[in-house]
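Peer 1: On the provided structure of chain A, position chains B, C and D as indicated by the hints.
Below, each chain spelled out in residue letters.
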Amino acid sequence: MPLVSIQNLTVALPPSADRPLAVDDVRLEVGRNEIVCIVGESGSGKSLTAHAIMGLLPRGVTAASGRILFDGQDLLQQTPEAMRKRRGRDIAMIFQDPMAALNPVVAIGRQVTEQIRAHRAISEAEALRQAADLLSQMGLKDVDELLKAYPHQLSGGQRQRVMIAMALSLSPQLLIADEPTTALDVTTQAQILKLIKKIQAEREMSVLFITHDFGVVADMADKVAVMRHGRVLENGLVGDVLGKPAHSYTRALIAAVPRGESRLPPPPDARPLVQVSGLTKRFRRGGLFGRGTVTTAVDDVSLTLSRGETLGIVGESGSGKSTLARCMIRLLDPDGGEVLLDGADIAHMKARALRPLRRRIQMVFQDPFSSLNPRQTIGDIITAGPRVYGEEPRQARARAADILRLVGLNPETMNRLPHEFSGGQRQRIGLARALMLKPDVLIADEPVSALDVTVQAQVLQLLDDVRRQMNLAMLFITHDMRVAAQVCHRVMVMRHGKVVESGPTRDIFARPCSDYTKALLAAIPGRQSI
Amino acid sequence: MKPRYIAMRLVKTVLVAIAVVLLSFFLIRLAPGDAATVMAGQAGYADEAYMKSLRVEYGLDQPLPVQLWKYMDTVAHGDLGTSYVLRRPVLSLILERLPNTLLLDAFALVVAAAGGIWLGSIAARRPGSVLDSANTILSMLFYSVPQFWLGMMMMLLFAVWLGWLPPFGIETMGADYTGLARMADVAVHILLPGTTLALYFMASYARLTRTAMIEVADQDFVKTARAKGISERQVARRHILRNALIPLITFAGLQASILVGGNVLVENVFSWPGVGTLAYEAVTSRDNPLLLGIFIVTAILVSLFNLVTDIAYSIADPRVELGR
Amino acid sequence: MNFARRFFSRPTALFGFAVFVAIVMIALAAPLLFARGPFAIVGMPLLPPGAPGLPAGSDVLGRNMMIGLAYGARVSLLVGISATLCATCVGILLGALAGYYGGLVDDLLMRLTEFFQIIPAFVLLMVLVAFLQPSLESAVIGIALISWPQVARVVRGEFLTLRSREFVEAARTLGMRDTAIIFTQILPNALPPIVVISSMMVGNAILAESALSFLGLGDPNLLSWGSMIGGARSAMWVAWWTTVLPGVSIMVTVLALNFVGDGLNDALNPRRRH
Amino acid sequence: MTVDRRAVLGAAGLLAYPAQAWPASNARAGNNRVITAMMFADPAHLNWPLLNTRIMQEICGNIHEALLLFDWKFKPHPNLARSFEMSPDGLTYTFHLRNDVTWHDGVKFTARDVAFSCGTMLPQVNPRSRNAFGQIADMVMPDDYTIIFKLKKPVNAFLISFMASNAPMMPAHIYEGTNFRTNPYNFKPIGTGPFKFAEWKRGEYVHLARNDHYWRKGQPGMDGIYFRLCATPEQRLVAMETGAVDIAMADDIDTVVSSRLRSNPNIVTRSDAYNGTAEIMIMEANMRRWPFSDRRARAAFLHAVDREFLVKAINYGEGKVADGPIPSTVPYYDEKALVKYPYDPARARALLDEMGCKPGPGGVRHRFGLMLVPDGGGAWTRIGHYIRQCLAEVGLDATLEAVDWPTQSRRSGDWEFDVDSNSYGEYGDPAIGTSRFYLSSNIRKGVPLTNLQGYVNPEVDKLFAQAAVAVDPAEAQACYSKLQHILTRDVAMLWLFERYPLFFHNKRLKNVIMGPNGPTDGLGAVTLA
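Protein chains in written order, with my numbering: chain A, 1 to 530; chain B, 1 to 324; chain C, 1 to 274; chain D, 1 to 529.
Only chain A is shown next, with the shape it has when bound in the complex (with noise of 0.2 Å):
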């Protein structure tokens, strides 16, 4: 008998709701010591047969039918006392954002001991002194320290880690993982990701994980279910759903995924268009009277780029990659180096002589939400810059509807408002917007992390078809190596705002020479798999 046995499933959404059902009919087991993988995009479905499991879902969201067995019981009919005693016993769960899932007033040891003494009758100082050894299980150092410490006194993967040794304090039968590493840098998440592993096998649990990576799921998964819709689709050993993909959509997932290999030749040979040299950029806290603390966010950093070749900027997470973009467009002002854009410094120009050169070096943003306008139409968001130029605005009007075309939107949402889109297609508006003023440069500030693994592939496309059409100059910045081996011509890998190594991206993932990056190569999931 399975551990767990999902059975016709179906969990309703509020009346409000754009869709009635969230999950539909889904039928999922969980063996003894296996981890099973349910992987999807967002919507599918996936977190909330999670949360059914663990009789979490939130207000107004009901299992409508179905059960779920659990060592043979029915979780679905239990009182929600006998629920809440099976919680963090039995079942226990770990969260995508361990920042936000640990209570911010709380000190650690406290948070860790709550949840035994919830359970078992003991005393606050046994119940630290078992906090304590669970901590260093999960390979944590200087525990007495870390129980007092408070959660934003941890780093991200300290922080997980911290989860884990939560969820396993009570030796729960089933662990429940939602996405756990997806608000990680790459290398941590790599680290967790093992732990977990080693884990399961020590303690011969099982382990339902969430991931929307097929890349993760290659590296974890025993058993994998793909959802999406609310429903599954395919559900097996990981090798045949890897191997043998029976559904169309599970192939375009495996497809999408980038391989984390250079497809492209390597860069003309070309004279720089945009070179930078030593730009330092620094930020400094602090009030009237206190002396501030002053942090390097870019520090000296230098880089040529040429027309029709793109440069991938890699980077984890504080590494300053996104302020050197901001440096070389002037929404910060450096405070060293220049950037001399066909020979013109625009690191230290005025306002005033820069305006006329903005149109020259244009942006695509993170963040497809907040990087539109909500109050404008997308007419008028795409014809703001050349109108600024003293276009017509007829004729501005007319090439956006040309530009709507290049992207792969119909002109006629013109007069929408940008909540009627969808991120992916928000992402296609926002690269139109930086097009209509025919820019020589093109800088993509992480353009496709907020999307879902299909979409990204063809935002990906795009960018570079653009790129080639308009032979323009890319500055491309992301997190991901295999984003980035599969749009640039060359990498620059960045860390604590210093440039690690740079060069072809074939070199770099061939032969790569500083210990950095070939910690982030060896960190990227299912790099043997798939």
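Treat the hints with care, as some may be off.
What the hints assert, rightly or not - Think about it this way: if two alpha-carbon atoms lie no more than 20 Å apart in a straight line, the pair counts; the simulated SDA-like pairs of lysine to any residue are:
#1 D/Lys445 x B/Arg233
#2 B/Lys12 x C/Thr179
#3 D/Lys201 x B/Gly179
#4 A/Lys198 x A/Lys148
#5 D/Lys201 x B/Tyr177
#6 B/Lys52 x D/Arg181
#7 D/Lys510 x D/Ser271
#8 A/Lys148 x B/Arg238
#9 D/Lys201 x B/Pro89
#10 A/Lys350 x C/Glu114
#11 B/Lys12 x C/Leu104
#12 A/Lys148 x A/Ala132
#13 A/Lys85 x B/Arg233
#14 D/Lys445 x B/Leu60
#15 B/Lys52 x D/Trp405
#16 B/Lys52 x D/Asp414
#17 A/Lys148 x B/Glu321
#18 D/Lys320 x D/Asp272
#19 A/Lys85 x B/Glu232
#20 A/Lys148 x B/Arg233
#21 A/Lys148 x B/Ile315
#22 A/Lys85 x B/Arg238
#23 D/Lys201 x B/Asp185
#24 A/Lys350 x C/Thr179
To be verified - Covered stretches of chain A (in silico footprint by chain C; criterion: 3 or more residues with CB under 8 Å from a CB of chain C, positions within the stretch not fixed):
#25 166 to 179
#26 362 to 372
Rather than coming from a laboratory, the hints here were simulated on the basis of the structure.
Predicted, not measured: the structure shown is a model, and the values here were computed from it.
We put the CB at the ideal spot given by N, CA and C, even for glycine.
Peer 2: Frame of chain A; chains B, C and D shown alone:
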């Protein structure tokens, strides 16, 4: 870092006080008439010699910059000058009244916060329920009623019609109570003005608590807490309320700053011998040293309250570091 | 359309709006309905409500309270709305500059608003009104002067968050001028909280005006609800209606405005709806 | 329209609340031999001559005493002075003092104190005393208990200047040679009266305790007085009705509700307690500005306003129409001499037409400002509202100007007004309280409460001067009769009504008001039931 930061804040308090003096010195002097005309008018009889002697005594015959310089000089020596009309040191006049105002404030603050948090958390438990709506409407009502009028109505109801409470004043005249009896006497007197003040702020506490609790209840760590299998009561207390109360610290600090200047209207309606009535007298008699003194003392107290609020905030929320 | 539906779906907002419209109508119609004005002595003083021709009774001078209440609505609304308009305009302008540019401008403005936070507001208002002489205009100016920092703080906060939003950065990379960014990009997005705070501020301004009039610092040529209460203070024990009715009028008006503000808040911020 | 007070009361009676308010015994606690009076504001200090306001008179009248007491006919009687005589030429006054009077600190009261008070302190700080005491040429003290005043010229009002409100005796050993304004005893006064200062809690009360060594045997009849601060009118009514406070004086109770207290069986009402002050409510027209520079405009003003109604309805009957400069309750009033201006709007319109003040658009003849005494929406505001309505009927459009006290004092002092409102007390003799508003010599810019109107009539100046030095009362009467004729003929001021401020006390108090100076003579004679 912390003692240094606190020292810096105290220095800033002094600077704020100086700025307050400068700004209000000129502001106050814009108003027509001076203390001499007031006193001449009050006496029912006046002549030039009398008024001139008053003006010379007050230094009102000097040019404005000289007056300002002299005033700043006295203030710099830790003296707030002498009241024109009451002819006593301003500082002692204010210190005489300040405890009464602080007492009323403390009462109003505690009642408002306790009542408001209680009401707000009840409402947040079932958003959209009848209880919640009733709560919202009641809070709004107290927020919308003119304080002076509410005070009059309370006096009418509880002191005149029901006869439960003394109508006004801070203590029983000539009773010469001591110890506990005196405290009880003052407690009975504080109920009406204190509650009048508290109801207004209680509405804000209730609304803030309700919103904050609903917002916190949506956060991931509350889900975590439930996933741990701890009881709903503990979830509500340790995780939801504990986090929801943090923004209330700011509001309590704000309330304290608003109240410390004294509430002219409520103190007037209930003859509460606080700073508000003193300020009212100072305005109506152009007693500029007194008014300036009240402004300075208020400014310093408000700055201190802000500091205390910040310290309390940094204790309640470990993410917040003092001076950041 | 969607907005209106969201707004009116709240019973309190509907009630508030209906009451507010009714009070505006009464205020506008007062001179047509009662041509002789609120000061005309029509009968014996202190007649209770329900006496012939006196649905709301008569006041200490034998004036028709009904007419007084209707004319009082004019004063309250006029002061409330004008003071709010002034305060909002000044607040938006200064708050926008401080929030958008930051730095020294911001520092100066924050110090200035701190000054207003530190000085007891009502005492300051009394000084201002004494300086300007009690009148309708001085009440408006005084109330606006003590209210604008509140708007400025909100606008500043909104601008601080909005100016780092990506669509604003996009506008800057397009080469848009600062004034254009402030007025076409940021301000429209900052309006919802401004609208909400303004509607609440009208209520607060009405309360402030009534307090001033209550203390005899209102315009003596106009009958306002506050001055009706102030003038009847001594009579409140013998003729409850002289103080209760104007007080209830203030309360209902302010309550209506606060309900409207609350409704606007929810309708304009659908995500914060619960 | 007439207003029946009883009908009003009946209407109010509909909601007469149950008389179970916060019990007086609670409020008074313990000692029943202590009474409580009220004060509507904290006094600035307790140096009576320095700030001769009504509230000071009420409090300090119990602490300080005068040489003489006056009866209802304003005849002088001994007080601190055992006896007194005047020389026939009116230039020498001799006072024989009691020898059994001590100050509250135990120092003997002697002629030196009288000389210091009348010769130095009073003329220096109390402007009202200057009329009489300013004429003192020399003071002789043959022994400790005799003082002889020698005057530069006869002063008709010399004796009446010894009323307590004008001439409280101040202790020389405390004040002589000090700065009167900063003397610390201003906050703990020393007097000879039946009560001595005990405690002052600012914002709450002033407590006076029984003077056990009072010279008048058998007085005072109680253990002490609390003057309790009751800042608002509704508080004062509650305090009086519940018995929390025993005495309400002068303006403490708004006339709106006086009928309610009058009908309260536990409360005694007196309307004669302030006859000595004899207050008139007036409006002053700035005679430098047209049209009020013309007597016809001023006459029209008086004809336009129904002053009978003003007294009856607006002031709830507590007063009488004022026909002229001298109140009807004090000596020298002569009704026959007066030119009267009864309510007659038609006559008012005719007068205005005659002088060329013709109706313009909307029937408005003239717009002007009417500055009100700041009373926070009290009686003056009601008077202003009513008069504005009356004037509108004859085409005069008055804009009410609300100001606060400082502004009112400054603007009136600087003559920046069209019409302002005011009141004055006569204080026993026209030379003390009345003449100052009509003498051309008293036109002093920047000083409030002078001849602000700019009224100039040399004949009036002459008559006032003559009356002031008249030794023969008949001569004085003749001058004042003539003055009353001229001043009313000229409409030298807009007299509205004489106000009889009400004095209320709990009926457990006896012998409260003994003369025209009411509470100013102190409450030493009061006994408790």
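Peer 1: Run every hint past the structure and note whether it holds.
Peer 2: Structure-based check of each hint:
1. Restraint check: the Cα-Cα separation between D/Lys445 and B/Arg233 comes to about 77 Å, which exceeds 20 Å; the hinted pair is violated.
2. For the hint pairing B/Lys12 with C/Thr179, the CA-to-CA distance comes to about 34 Å; that exceeds 20 Å, so the pair is violated.
3. Proposed proximity of D/Lys201 and B/Gly179 is supported: the alpha carbons are some 18 Å apart, at most 20 Å.
4. Using a Cα cut-off of 20 Å, the hinted pair A/Lys198 and A/Lys148 is violated, with the two alpha carbons roughly 27 Å apart.
5. This hinted pair checks out: D/Lys201 and B/Tyr177 have alpha carbons roughly 15 Å apart, not beyond 20 Å.
6. The suggested pairing of B/Lys52 with D/Arg181 holds, with an alpha-carbon distance near 14 Å, which does not exceed 20 Å.
7. For the given pair, D/Lys510 sits about 16 Å from D/Ser271 by alpha-carbon distance, which is consistent with the 20 Å threshold.
8. Among the hinted pairs, A/Lys148 with B/Arg238 is consistent with the structure: their alpha-carbon atoms are about 17 Å apart, no more than 20 Å.
9. With a C-alpha separation of about 15 Å, the suggested pairing of D/Lys201 with B/Pro89 holds against the 20 Å cut-off.
10. About 34 Å separates the Cα atoms of A/Lys350 and C/Glu114, which puts this hinted pair outside 20 Å; it is violated.
11. Proposed proximity of B/Lys12 and C/Leu104 is supported: the alpha carbons are some 17 Å apart, at most 20 Å.
12. Restraint check for A/Lys148 and A/Ala132: satisfied, since their Cα atoms lie roughly 11 Å apart, inside the 20 Å limit.
13. As the CA atoms of A/Lys85 and B/Arg233 are separated by approximately 14 Å, the hinted pair is consistent with the 20 Å bound.
14. Simply put, D/Lys445 and B/Leu60 have alpha-carbon atoms about 18 Å apart, close enough for the 20 Å limit, and the pair holds.
15. A C-alpha spacing of about 19 Å is found between B/Lys52 and D/Trp405, which places the hinted pair at or below 20 Å, so the restraint holds.
16. Between B/Lys52 and D/Asp414 the CA atoms are separated by roughly 15 Å; this keeps the pair inside 20 Å, and the hint holds.
17. Taken as a hint, the A/Lys148 and B/Glu321 pair is honoured in the structure, with Cα atoms around 16 Å apart against an allowance of 20 Å.
18. At roughly 13 Å between alpha-carbon atoms, D/Lys320 and D/Asp272 fall within 20 Å of each other, so this suggested pair holds.
19. At most 20 Å may separate the alpha-carbon atoms for a hinted pair to count; A/Lys85 and B/Glu232 meet this at roughly 12 Å.
20. Under the criterion of a C-alpha separation no larger than 20 Å, the hint pairing A/Lys148 with B/Arg233 is inconsistent with the structure, at around 24 Å.
21. The hinted pair formed by A/Lys148 and B/Ile315 meets the criterion: a straight-line CA distance of about 14 Å does not exceed 20 Å.
22. Simply put, A/Lys85 and B/Arg238 have alpha-carbon atoms about 18 Å apart, close enough for the 20 Å limit, and the pair holds.
23. Distance restraint check for D/Lys201 and B/Asp185: the Cα-Cα separation of roughly 17 Å lies within the 20 Å cut-off, and the hinted pair is therefore satisfied.
24. About 17 Å separates the Cα atoms of A/Lys350 and C/Thr179, which keeps this hinted pair within 20 Å; it holds.
25. Proximity of the segment 166 to 179 of chain A to chain C, defined as three or more residues with a beta carbon under 8 Å from a beta carbon of that chain, is not established by the 0 residues found.
26. Against chain C, the segment 362 to 372 of chain A contributes 8 residues with a C-beta closer than 8 Å to a partner C-beta. That satisfies the three-residue criterion, and the hint holds.
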